[in-house]
Amino acid sequence: MKKIRIGLIGLIISLIFMTSSALAEDMIQIKGSDTLINLVQRLAEVYMDEYSASYIAVTGGGSGTGVAALINNKCDIANASRLMKAKEVARASDNGIQVNRVVIAMDGLSVINNGNNTIRQLTVDQIGKIFRGEITNWKDVGGRDMSITLYGRQSNSGTFVFFRDAVLKGDYSQKMNRMNGNAQIVEAIKQDSSGIGYVGVGYVKMATGLNVLKVAARANGVYASPLNGDDVKTGNYPISRPLNQYVNGTPKGAVRDFLAFELSAAGQNMVEAEGFFPIPKEYEELNSKVGL
Amino acid sequence: MQSNILKHKKKTWVSRRLQEKLIHAFFFFNGIISVIVLLGIFTLLIVTAIPTFKEINLKDFLFGMQWNPTSYLKEVYGIVPMLVSTFMVTLGSLVIAIPLGVGTAAYLSDVASPRVREIAKPIIEILAGIPSVVIGFLGIVLVGPFIGKVFNIHNGLNGLNGSILLAIMALPTIISISEDTLTNIPDSYNQASLALGATKWQTIIKVKIPAGLSGIIAACMLGMGRAIGETMTVLMATGCAPAMPESFLGPVRTLTSSIAIELGEVAYNTTHYYALFALGLVLFIITFLVNLVSDIILNKFEKVNR
Numbered sequence: 001m002k003k004i005r006i007g008l009i010g011l012i013i014s015l016i017f018m019t020s021s022a023l024a025e026d027m028i029q030i031k032g033s034d035t036l037i038n039l040v041q042r043l044a045e046v047y048m049d050e051y052s053a054s055y056i057a058v059t060g061g062g063s064g065t066g067v068a069a070l071i072n073n074k075c076d077i078a079n080a081s082r083l084m085k086a087k088e089v090a091r092a093s094d095n096g097i098q099v100n101r102v103v104i105a106m107d108g109l110s111v112i113n114n115g116n117n118t119i120r121q122l123t124v125d126q127i128g129k130i131f132r133g134e135i136t137n138w139k140d141v142g143g144r145d146m147s148i149t150l151y152g153r154q155s156n157s158g159t160f161v162f163f164r165d166a167v168l169k170g171d172y173s174q175k176m177n178r179m180n181g182n183a184q185i186v187e188a189i190k191q192d193s194s195g196i197g198y199v200g201v202g203y204v205k206m207a208t209g210l211n212v213l214k215v216a217a218r219a220n221g222v223y224a225s226p227l228n229g230d231d232v233k234t235g236n237y238p239i240s241r242p243l244n245q246y247v248n249g250t251p252k253g254a255v256r257d258f259l260a261f262e263l264s265a266a267g268q269n270m271v272e273a274e275g276f277f278p279i280p281k282e283y284e285e286l287n288s289k290v291g292l
Numbered sequence: 001m002q003s004n005i006l007k008h009k010k011k012t013w014v015s016r017r018l019q020e021k022l023i024h025a026f027f028f029f030n031g032i033i034s035v036i037v038l039l040g041i042f043t044l045l046i047v048t049a050i051p052t053f054k055e056i057n058l059k060d061f062l063f064g065m066q067w068n069p070t071s072y073l074k075e076v077y078g079i080v081p082m083l084v085s086t087f088m089v090t091l092g093s094l095v096i097a098i099p100l101g102v103g104t105a106a107y108l109s110d111v112a113s114p115r116v117r118e119i120a121k122p123i124i125e126i127l128a129g130i131p132s133v134v135i136g137f138l139g140i141v142l143v144g145p146f147i148g149k150v151f152n153i154h155n156g157l158n159g160l161n162g163s164i165l166l167a168i169m170a171l172p173t174i175i176s177i178s179e180d181t182l183t184n185i186p187d188s189y190n191q192a193s194l195a196l197g198a199t200k201w202q203t204i205i206k207v208k209i210p211a212g213l214s215g216i217i218a219a220c221m222l223g224m225g226r227a228i229g230e231t232m233t234v235l236m237a238t239g240c241a242p243a244m245p246e247s248f249l250g251p252v253r254t255l256t257s258s259i260a261i262e263l264g265e266v267a268y269n270t271t272h273y274y275a276l277f278a279l280g281l282v283l284f285i286i287t288f289l290v291n292l293v294s295d296i297i298l299n300k301f302e303k304v305n306r
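Those protein sequence lines, which keep their order, are chains W and R. Heads up, the first sequence stops at 292 in our numbering, and the numbers go up one at a time, no gaps. Heads up, the second sequence stops at 306 in our numbering, and the numbers go up one at a time, no gaps.
The shape of chain W in the complex, shown without the other chains (with noise of 0.2 Å):
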């Protein structure tokens, strides 16, 4: 009995020291935005399986909360589904770290309403409206009589943040309900008749329930899908946004090759399986800058 024990104890002891070890070799920390978490999960997964022994963990939290990691020196990747602000960039750099941005896809932010509603396209001004609180019934966009519940993200989002920079440009109204995710959106949305929000792509390809929103840039501009891929990439979608994650430094060994192959034909194709976009030449460009 005693002998199994002490051998029992022996077996945690080198299991602890092991896993350690292991830890410490090649542990990659990957943190941040939820829009981004399931590609990368997803990523990290196939990745860990087939082409290295690199240890990836990935967790949310929201663009903010990855970034904010980034900054204190506790993540070696941050999802970002914004960019980077320059008081953040410069907060980063007085903890010494020299942050560096790659694109790995790009994302249609999807506008979605509820499966009942008859509105099914908007432009960018009356999405701007509704989510400023200056529109407040559906039948001032010409939908039934019908206030409108909004949903959006809380103020840790990287699509909070992106949604209010591009389209907004001012406060959301205080009368949104601020959830927990991207998720989350989808499922209210799906509930509530009278529910708008915002979502990244990733999130609506195979949901049902709801409507994926036409946007036009201007009132008699073309409407376009974000599902519809060639239209993101070229801009016709007018609130389409690279996914970035950021780095310190030139990404050097295991940071490196999991970028790498993010970035690959294998990698893209997932990013496209998973319902985002491949990314276009302008960013492939950006990437190699960085030696990618």
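Just so you know, the hints here were simulated from the structure itself, not pulled from any lab data. It is possible that part of the hints are untrue.
Under 10 Å between C-beta atoms, here's a sample of chain R residues computed to sit facing chain W [to be verified]:
hint, residue
1, GLY64
2, TRP67
3, SER71
4, VAL141
5, GLY144
6, GLY148
7, LEU157
8, TYR189
9, ALA192
10, LEU235
11, THR238
12, ILE259
13, GLU262
Computed list of lysine to aspartate or glutamate pairs in EDC-like fashion (alpha-carbon distance at most 20 Å, straight line) [to be verified]:
hint, chain 1, residue 1, chain 2, residue 2
14, W, LYS169, R, GLU75
15, R, LYS74, W, GLU134
16, W, LYS175, R, GLU75
17, R, LYS200, R, ASP180
18, W, LYS175, W, ASP165
19, W, LYS252, W, GLU284
20, W, LYS87, R, GLU75
Just so you know, even glycine gets a beta-carbon here, dropped at the ideal spot from N, CA and C.
Once you have looked at the hints, place chain R on chain W.
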């Protein structure tokens, strides 16, 4: 040989005294540590909250009607909507939980057969162990849609939802402590009341509950403490819109959920960061006041009872 025994005796005597001292020190340390921790937390909160008021006017902070530290245009730090939200869901949960909790406690202590009590009590205690995240999830998928249907509104992510969930979380505390109090009331009270011709119902309402009132109030205050401080559940189930709440059927955003939402992304040592600690301080003061008031009430009732 003899000297050996003597030596031995002496040794144990010394080590026993040492033992006594060690044990004394151990218990003293245990007793003092929570006081130290509490003082530490309080100091940390105050020290980190004070820089807030270099940049924000205290009056704007306490009486401001809007909270938007990540604004596109101008940052504002006003906590009134969050205070109102916190009090709304807390009071709402108590309105639901107190009658239910005290009723259940009375049932368990006076009406239920020993067999039922033996089964029901552990089950209620298990309820206390359900993680708040799970309860919040139930709020989204179960309570929310149900509220939507009953009140014919578009969604059920609102103050009522939060109140119901917090009531569920406060129930085990209220039931467990109230039941203990009621069970510990001397049987002579019960028998005297019955001997005077009172029915069982009259005995419970007019004799036992008043006799155990101090314990029951303590139970409710503890439940209230739980409801004020709860974060995850309200974060998930109340919509979290920062606007001033209009009713129980509209979204609310409590102090706790604001801290939880914003602390993850905030940059260290900025006004926003300090302001979140100031929120924490406000929350701390509220719970402190609740405990103080409940202590005063308890003391009063104890004196009256004597």
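Hint check results:
Taking 10 Å as the C-beta contact cut-off toward chain W, the hint placing GLY64 of chain R at the interface is violated, the least distance being around 12 Å. The beta carbon of TRP67 of chain R is positioned within 10 Å of a beta carbon in chain W (closest approach about 9 Å), and the interface hint is therefore held. The interface hint given for SER71 of chain R is met, as the beta carbon of that residue sits about 5 Å from the closest beta carbon of chain W, less than 10 Å. Hint status for VAL141 of chain R relative to chain W: holds, with the closest Cβ pair at about 8 Å, below 10 Å.
Of the supplied interface hints, the one on GLY144 of chain R holds, with its beta-carbon coming within about 8 Å of a beta-carbon of chain W, less than 10 Å. Here the hint on GLY148 of chain R is kept, as its CB sits about 7 Å from the closest CB of chain W, short of 10 Å. At its closest, the beta carbon of LEU157 of chain R sits 6 Å from a beta carbon of chain W; the interface hint therefore holds under the 10 Å criterion. Hint status for TYR189 of chain R relative to chain W: violated, with the closest Cβ pair at about 50 Å, above 10 Å.
Checking ALA192 of chain R against chain W: minimum C-beta separation of about 56 Å lies over 10 Å; hint violated. Among the interface hints, the one on LEU235 of chain R holds; its C-beta lies about 7 Å from the nearest C-beta in chain W, closer than the 10 Å criterion. With a cut of 10 Å, the hint placing THR238 of chain R at the interface with chain W holds, because the nearest CB-to-CB distance is about 9 Å. A least Cβ separation of about 12 Å between ILE259 of chain R and chain W goes past the 10 Å threshold, and the interface hint is therefore violated.
Interface hint at GLU262 of chain R: satisfied, since its Cβ lies 6 Å from the closest Cβ of chain W, which is below the 10 Å cut-off. With a C-alpha separation of about 15 Å, the suggested pair LYS169 of chain W and GLU75 of chain R falls inside the 20 Å cut-off, and the hint holds. The straight-line distance between the Cα atoms of LYS74 of chain R and GLU134 of chain W is roughly 18 Å, inside the 20 Å bound, and the hint therefore holds. The suggested pairing of LYS175 of chain W with GLU75 of chain R holds, with an alpha-carbon distance near 17 Å, which does not exceed 20 Å.
Our distance criterion of 20 Å between C-alpha atoms is met by LYS200 of chain R and ASP180 of chain R, whose separation comes to about 19 Å. Straight-line distance between C-alpha atoms of LYS175 of chain W and ASP165 of chain W comes to about 18 Å, which keeps the hinted pair within the 20 Å bound. Among the hinted pairs, LYS252 of chain W with GLU284 of chain W is consistent with the structure: their alpha-carbon atoms are about 18 Å apart, no more than 20 Å. Between LYS87 of chain W and GLU75 of chain R the CA atoms are separated by roughly 16 Å; this keeps the pair inside 20 Å, and the hint holds.
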